[in-house]
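For the sequence shown, position 4 (counting from the first letter as 1) is numbered 4 according to the numbering used here, and the numbering increases by one without interruption.
It cannot be assumed that every hint is accurate.
[Claimed, not checked] Listed next, with one range per pair, are the computed distances between beta-carbon atoms: (1) ILE7 x LYS29: 30 to 40 Å; (2) LEU38 x ASP18: 17 to 27 Å; (3) VAL35 x ARG14: 16 to 26 Å.
Treat the hints as calculated values from the structure; they're not laboratory data. Cβ atoms here follow ideal geometry from the backbone N, Cα and C, with glycine treated the same way.
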Amino acid sequence: MYFDGSIPTGEVERLIDDSYLLVVAKLNKVQRQAVLALLPEANQTPSGG
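Go ahead and model the full structure; you've got the sequences and the hints to work with.
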């Protein structure tokens, strides 16, 4: 994939969110809680939900 401006920003953000969720889903509960603790409270998932 080339990021040369041909892919809309929203699509790139969605792809990043999907990748993040795949990684977090593979973590154990303790690791997942540690990662989520680093996020701002209003943004506990990449998409804000």
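Hints broken by the structure, by number, lowest first?
none
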